[in-house]
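Q: Since the structure of chain Y is already known, use the hints to place chain U on it.
Residue numbers (our numbering), protein chains in the order written: chain Y, 358 to 649; chain U, 115 to 422.
In short, the hints are calculated from the structure, not lab data. All clues stand as given, with none of them false.
Under the rule of at most 20 Å between Cα atoms (straight-line distance), these lysine-lysine pairs were calculated in the PhoX-like manner: (1) K303/U to K322/U; (2) K462/Y to K137/U; (3) K130/U to K544/Y; (4) K137/U to K125/U; (5) K544/Y to K463/Y; (6) K544/Y to K129/U; (7) K544/Y to K133/U; (8) K137/U to K544/Y; (9) K462/Y to K544/Y; (10) K544/Y to K125/U; (11) K132/U to K544/Y; (12) K316/U to K303/U.
Now for the letters of each chain:
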Amino acid sequence: MRYIEQEKVVRRMNGRMVVNRVFQGLFMFATALALLALVILLYRIVSQGAGHLSLDFLTNFASRFPDQAGIKAALVGSIWLMAVVAPTSILLGVGSAIYLEEYAKKGRITTFIQMNISNLAGVPSVVFGLLGLTIFVRALALGNSILAAGFTMSLLILPVIIVAAQEAIRSVPGELRDASYGMGATKWQTIVRIILPAAIPGILTGSILALSRAIGETAPLIVVGIPVIIQFLPEGVMDTFTALPMQIYDWSSRPQAEFQTVAAAGIIVLMVVLLFMNSIAVFIRNKFDKSY
Amino acid sequence: MRTSVQELIAKSKDKKSKKIIEKLIPILLFLIASVSVLTTIGIVLTLIIETITFFTRVPLSDFILGTTWLPFANSGAQFGIWPLIVGTLKITGIAIVVAVPIGISAAIYLSEYASDNVRRIVKPVLEVLAGVPTIVYGFFALTFVTPVLQSFFPDIKIFNAISPGIVVGIMIIPMIASLSEDAMSSVPKSIRDGALAMGSTKFEVAWKITVPAALSGIIASVVLGLSRAIGETMIVSLAAGSTPKFDGDFTGSIQTMTAYIVQVSKGDAGYGTTIYYSIYAVGFTLFLFTMAMNILAGYMSKRFREEY
Chain Y
358 MRYIEQEKVV RRMNGRMVVN RVFQGLFMFA TALALLALVI LLYRIVSQGA GHLSLDFLTN
418 FASRFPDQAG IKAALVGSIW LMAVVAPTSI LLGVGSAIYL EEYAKKGRIT TFIQMNISNL
478 AGVPSVVFGL LGLTIFVRAL ALGNSILAAG FTMSLLILPV IIVAAQEAIR SVPGELRDAS
538 YGMGATKWQT IVRIILPAAI PGILTGSILA LSRAIGETAP LIVVGIPVII QFLPEGVMDT
598 FTALPMQIYD WSSRPQAEFQ TVAAAGIIVL MVVLLFMNSI AVFIRNKFDK SY
Chain U
115 MRTSVQELIA KSKDKKSKKI IEKLIPILLF LIASVSVLTT IGIVLTLIIE TITFFTRVPL
175 SDFILGTTWL PFANSGAQFG IWPLIVGTLK ITGIAIVVAV PIGISAAIYL SEYASDNVRR
235 IVKPVLEVLA GVPTIVYGFF ALTFVTPVLQ SFFPDIKIFN AISPGIVVGI MIIPMIASLS
295 EDAMSSVPKS IRDGALAMGS TKFEVAWKIT VPAALSGIIA SVVLGLSRAI GETMIVSLAA
355 GSTPKFDGDF TGSIQTMTAY IVQVSKGDAG YGTTIYYSIY AVGFTLFLFT MAMNILAGYM
415 SKRFREEY
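So that you can see chain Y by itself, here it is in the shape it has in the complex (with noise of 0.2 Å):
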């Protein structure tokens, strides 16, 4: 008796070699289709809005007048806003993977925070918006100020960092923590001088990323009450001020064709800082790489 019945086998094998390449073929398209959509997304805005790029672009308030609209006033309310939350939210965010990954006993309370923190990851931005209105400008009576919408969106990135930042720690070998503890260091001796400077990439790699999402995020600032015409620049923290997405999304909305090209200058200017933060965090990744 045979158990493979050849002939059957070489009839079959030339209709399954065509299902394979046509699904092969199928699946290539369908990636293709995905890196096709990104091409055309970054052509159609560069091809709108380049034109309207100019140093006067930068330097120019907000208008009326589509051929005098600036972005100077998003442009430095941006960075002010970074300003609030990088330093918020990477302290808190370290802080926290230091305490879950160094002290934290396993048990039912490490569990929980870790649980929590995966499931703060998923809730929408605009619910973030709703926290921050009703805690930060309202109960905290700090109205829609820079320090407001940057104590919103660090929360919004806390989970980012703290993910982040508990890899880049989980990451450094034990015997460089067992050497700490063997020459008589203490243990936020050896946290402090042995893991956290190996860990600095990734955490600050992880942070780049995090605060990448927060410049480009709009959602939480429309509904903390970020105002979008502004014609003067913030002197402190407490003041009001508009950021990049807010005063593209007011140029977009727009019924004015003008402002059209107006809003994907604006776009230009945001993914050229969007940019130059990941390449800083490409950077920081292949120059500190340490493997061990």
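A: For chain U alone, kept in the frame of chain Y given last:
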């Protein structure tokens, strides 16, 4: 006389400040770590308290059973949530139809067919796609996808459900692709090699071995994508319009839950008005939807995980 190392250690151990630091730091760090828990509590309490205030003015039954959402009417404002839910579901439905086939196909291609070189190029590009701010996608939907659709189907209005739905789908492709790919890559190579050695084609390996083995992860990625689509705000605010409708029309202006929150926030609804509280009731509904999705995704990936 030189002090010995032992004496130095003994001296340093006696320092009170050091002992205090070692005691205080864990407490401080615990307080920092509890901020994330406090954030969740803050979100839930905020939403519940303001929603309760809303329900003292609008009966709960009107809200969850009503099919008319007319908050801005001068007299006889109606707060039936269903039009906003239907709007959200229209967007989510289109997004899933776009993102699931493309995302999972891309994942299969990357994990089963692509060479290392291709993977090294495609994966970062997908990451870029995932990092594009949603406001940019919104602009793209309004100024490119809608006009293109209109040139094929003249019936489509400037504000419609199809264009933002497609773009929300494009937005969640990278998420579905990369999470599904992670799930497929974690299927052990030995199983794949076994099937190939028995004479399977690559497609048969992907379809009969990898996809079934990674199914829990794939489904979880789709559910997380759903949750992202439900909570997406800027694309729908820019391109979907602001007409809450309880019908099956995709070609005209609609409104989602998120877009309503933005519309009210933008319009400076006075603090303490019913409209002001309504955004919390809508936000709470939205929160429940996404929470249910996230919990379901977590459950799926745990419950149906194949252990090797």
